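**Student:** Residue numbers (our numbering), protein chains in the order written: chain R, 33 to 276; chain G, 33 to 276.
These are calculated hints, taken from the structure and not from any lab test.
Since this is a predicted model, take the numbers as computed values, not measurements.
Honestly, I wouldn't trust all of these hints.
Since the list can't tell identical chains apart, any single copy or any two copies may satisfy a pair.
[As the list claims (entries may be wrong)] Dumping the calculated DSBU-like pairs for lysine-lysine here, alpha-carbon to alpha-carbon at most 30 Å:
id: 1; residue 1: Lys235; residue 2: Lys178
id: 2; residue 1: Lys134; residue 2: Lys215
id: 3; residue 1: Lys178; residue 2: Lys75
id: 4; residue 1: Lys134; residue 2: Lys257
id: 5; residue 1: Lys134; residue 2: Lys98
id: 6; residue 1: Lys75; residue 2: Lys215
id: 7; residue 1: Lys178; residue 2: Lys38
id: 8; residue 1: Lys257; residue 2: Lys75
id: 9; residue 1: Lys38; residue 2: Lys133
id: 10; residue 1: Lys133; residue 2: Lys257
Read off the chains here:
Protein chains: 2
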Amino acid sequence: MVSLNKRCTFQVGENPADERTLTLSSASNEGYYISLRPFVEPKGSESEFPYEWAFAGSPKSLEAKKVDELRDVINFNFEFDTNVHLNAENTHRGVIETHWKKWESGLVEERGQVFPFGPDKQPVSFFELWQPIDATRDEFVHISEKSADQISARSIVLALDEDNYKGLIVTVGKWTQGILFKKDEHTAKGISFLRASESADGKITTLLKYGVDFDRFPSSFLGQKDAELQGAAGASWKVVESNV
Amino acid sequence: MVSLNKRCTFQVGENPADERTLTLSSASNEGYYISLRPFVEPKGSESEFPYEWAFAGSPKSLEAKKVDELRDVINFNFEFDTNVHLNAENTHRGVIETHWKKWESGLVEERGQVFPFGPDKQPVSFFELWQPIDATRDEFVHISEKSADQISARSIVLALDEDNYKGLIVTVGKWTQGILFKKDEHTAKGISFLRASESADGKITTLLKYGVDFDRFPSSFLGQKDAELQGAAGASWKVVESNV
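Extracted from the complex, chain R is given alone in its bound form:
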């Protein structure tokens, strides 16, 4: 089953709850995931890299454990992490243990701790609240009993791993999110992002277009398993998961 979650709120340590981003987290049938967190109104120094954070990975980079019908624990060890790639100071490194709980209303809370000052230093607690969205729609429609089956929704993952670049693109239903790192460029110039949605008539709208290497993303994200899709400058993306 694919999932698409839109974040409602983010609360760190003792700070009041807030949400300054339009964060979407996608996960494919096989467990590839990507979360892009662009600021809605970047301020001051945020303008150069207008993202709170972004991460992504393959199913190998997480360990999920069902606690009970409503609760899960997921340990992430991201393969793509903008904080790591940018060598950002005072940000977490290594596995993050996250605790998930589905509320009666259908919203999903996520709680955990990060260790921005090092693994043996003071932890910082965080709380995030997620609204599950129907991935088969191109608007933000809450999942309900009337929603289309998210099990048969489109689930396609493209991966790229070359000498200089690594990237991942996850399409769930109508929504595509992609991340591309230039391996040796540890500044904002080494990061590109893509977000796109497809409307009912098949038209693709690009919602996020970020990075000097954006044109290395392909212009189509559909393909059968093992197919290759081309971006600019010889970028070759391999379909590593597909149900079409």
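Got chain R; can you put chain G on it based on the hints?
**Tutor:** Just chain G now, with coordinates in the frame of chain R:
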């Protein structure tokens, strides 16, 4: 402009954030408002009256003040308040001052204090988070730049005030919510609620049907200003606001 807001989270005092209800608050063009807060999974004693709370009122029962472009203060003095009608212990009486702030993401926070133990006793802080919903749709679709104009959406208010009953029904776009109190019956038997939505083909689906006097609600909520709509047992509702 009408508004329809779906609550994402509710946090009282030092309790963790949670959301056990499907709360919708509607407000008409002229400022009639109603908020129904049914539990999604009522537990134990909640089953008899499976509502966290409900309130409603006319524009005369609130005072709104714009603080700046993003902030408002609204003082409510509800005309309909289930806690008051039920003489519920340890619940607030009188004006509630609420502070609203629109987040960059479009969500809206509400903060305030209630005085459940009396006006000169310890206050209890609360935090609620609201997602603005497109009232012209019959699903929960987030308001966006692509949404239909909420200024021209349907806005109709029905009021009833008889010897034994008082009620209010607010329709905004596709959504109708109604409340009816039997004046001298201060138990759950004196309270009825209605929630309905209209699909694109004009079919009305009743989503909440509560109370021994439910059939006193009319079966249609459309009418021109000053028209009268009939419910069962001679209940006569007057259209006090209408843009149709």
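**Student:** Are the hints correct? Go through all of them and say.
**Tutor:** Right, here's what the structure says about each hint:
1. Lys235 / Lys178: Answer is both: 24 Å inside a copy and 15 Å across each meet the 30 Å cutoff.
2. Lys134 / Lys215: For Lys134 and Lys215, neither the intra-copy (37 Å) nor the inter-copy (39 Å) Cα distance is at most 30 Å.
3. Lys178 / Lys75: between (39 Å within a copy, 25 Å between copies)
4. Lys134 / Lys257: Classified as neither; 33 Å inside a copy, 44 Å across copies.
5. Lys134 / Lys98: within (12 Å within a copy, 36 Å between copies)
6. Lys75 / Lys215: Result: close within a single copy only, 28 Å intra versus 54 Å inter.
7. Lys178 / Lys38: Both ways: Lys178 and Lys38 sit 19 Å apart in one copy and 18 Å across, limit 30 Å.
8. Lys257 / Lys75: For Lys257 and Lys75, neither the intra-copy (41 Å) nor the inter-copy (47 Å) Cα distance is at most 30 Å.
9. Lys38 / Lys133: both (15 Å within a copy, 20 Å between copies)
10. Lys133 / Lys257: neither (33 Å within a copy, 47 Å between copies)
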